[in-house]
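Visitor: The hints should help you fit chain B onto chain A, whose structure is shown.
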Amino acid sequence: NAGVTQTPKFRVLKTGQSMTLLCAQDMNHEYMYWYRQDPGMGLRLIHYSVGEGTTAKGEVPDGYNVSRLKKQNFLLGLESAAPSQTSVYFCASSYLDRAGDEQYFGPGTRLTVT
Amino acid sequence: SQKIEQNSEALNIQEGKTATLTCNYTNYSPAYLQWYRQDPGRGPVFLLLIRENEKEKRKERLKVTFDTTLKQSLFHITASQPADSATYLCALDDRGSTLGRLYFGRGTQLTVWP
Chain A
-3 NAGVTQTPKF RVLKTGQSMT LLCAQDMNHE YMYWYRQDPG MGLRLIHYSV GEGTTAKGEV
57 PDGYNVSRLK KQNFLLGLES AAPSQTSVYF CASSYLDRAG DEQYFGPGTR LTVT
Chain B
133 SQKIEQNSEA LNIQEGKTAT LTCNYTNYSP AYLQWYRQDP GRGPVFLLLI RENEKEKRKE
193 RLKVTFDTTL KQSLFHITAS QPADSATYLC ALDDRGSTLG RLYFGRGTQL TVWP
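First to last, the protein sequences are chains A and B. Taking my numbering, I'd label the letters of the first sequence as residues -3 to 110. Taking my numbering, I'd label the letters of the second sequence as residues 133 to 246.
Pulled out of the complex, with its shape left as it was, chain A reads as follows (with noise of 0.2 Å):
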């Protein structure tokens, strides 16, 4: 049982370039999200999903893109990255049948943008 998985744990991008973060789950969880956490602003939701094929804003959205295909996964997208998306980026899971049931966190992707 791994977890939450994400993919790449580093990566350094020029600023306009494009890529994806992904995350996966095992748990058979409904629900993922994506974070970032910056210093001195804690953690901040980016998007969410409450099931396959359904995909949500959260409180900084912009700049991003998600999509679950499929349960387990959930990608973020960065079309063009800018130098304010230098972050640390963390992908979470829960169950959806029963209300306040903790989040599963991963272990993170630290992403420079130059």
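Rather than coming from a laboratory, the hints here were simulated on the basis of the structure. A couple of the hints might just be wrong.
Claimed, not checked - Pulled from the structure, derived: some chain B residues nowhere near chain A, Cβ distances all over 12 Å: (1) 145; (2) 148; (3) 158; (4) 192; (5) 195; (6) 197; (7) 199; (8) 201; (9) 208; (10) 217; (11) 242.
What the hints assert, rightly or not - Simulated pairs of lysine to aspartate or glutamate, EDC-like, Cα-Cα distance not exceeding 20 Å: (12) B/149 - B/216; (13) B/135 - A/55; (14) B/191 - A/98; (15) B/203 - B/184.
Stated by the list, open to error - Just a few of them, taken from the derived set where beta-carbon distance is under 7 Å, the chain A residues facing chain B: (16) 39; (17) 90; (18) 98; (19) 102; (20) 104.
Even glycine gets a Cβ: it sits at the ideal position worked out from N, Cα and C.
Guide: Just chain B, lined up with the frame of chain A:
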């Protein structure tokens, strides 16, 4: 506006003492509140959940209280150890928001010195 405030960004205490961390919220209506631990370079890990109708919850050396009148949660670590050194995040839901969505505080960095 909505706010989640955790007491001082950093808390330093001596081994063996009780650490008390505070989480105050404004303009949220949570049904529950959660506490997470985050070590450097890693994703947050769930510790405890307390519901609005529960005054107190315990797990080993951890104790959480929840006062919906004061809009505050206290997180206590008794007999603290250097291994308890980490950043602790509080998170809560909000009625009227998507089921399962959490809002995080910025965290309190706890250092326990021998």
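Visitor: Each hint needs a verdict: does it hold in this structure or not?
Guide: Each hint tested on the structure:
1. 145: Holds, since 22 Å exceeds 12 Å.
2. 148: Per Cβ check, residue 148 of chain B is outside 12 Å of chain A; nearest 29 Å; holds.
3. 158: Residue 158 of chain B is indeed farther than 12 Å from all Cβ atoms of chain A, at 15 Å.
4. 192: 17 Å, holds
5. 195: Check passes; 18 Å lies beyond 12 Å.
6. 197: Holds, since 17 Å exceeds 12 Å.
7. 199: At about 18 Å from chain A, residue 199 of chain B clears the 12 Å cut-off, so the statement holds.
8. 201: Fine: 20 Å to the nearest Cβ keeps residue 201 of chain B off the interface.
9. 208: 19 Å, holds
10. 217: Correct as stated: the minimum Cβ-Cβ distance to chain A is 18 Å, above 12 Å.
11. 242: 16 Å, holds
12. B/149 - B/216: Satisfied, since the Cα-Cα distance of roughly 12 Å is no more than 20 Å.
13. B/135 - A/55: Status holds; Cα separation ~13 Å.
14. B/191 - A/98: Given that 20 Å is the threshold and the Cα spacing comes to 15 Å, the pair holds.
15. B/203 - B/184: 10 Å, holds
16. 39: 4 Å, holds
17. 90: 6 Å, holds
18. 98: 4 Å, holds
19. 102: Holds. Min distance 6 Å.
20. 104: The hint holds - residue 104 of chain A has a Cβ within 7 Å of chain B, the shortest such distance being about 5 Å.
Comparing the model with each numbered hint stated earlier shows that all of them hold.
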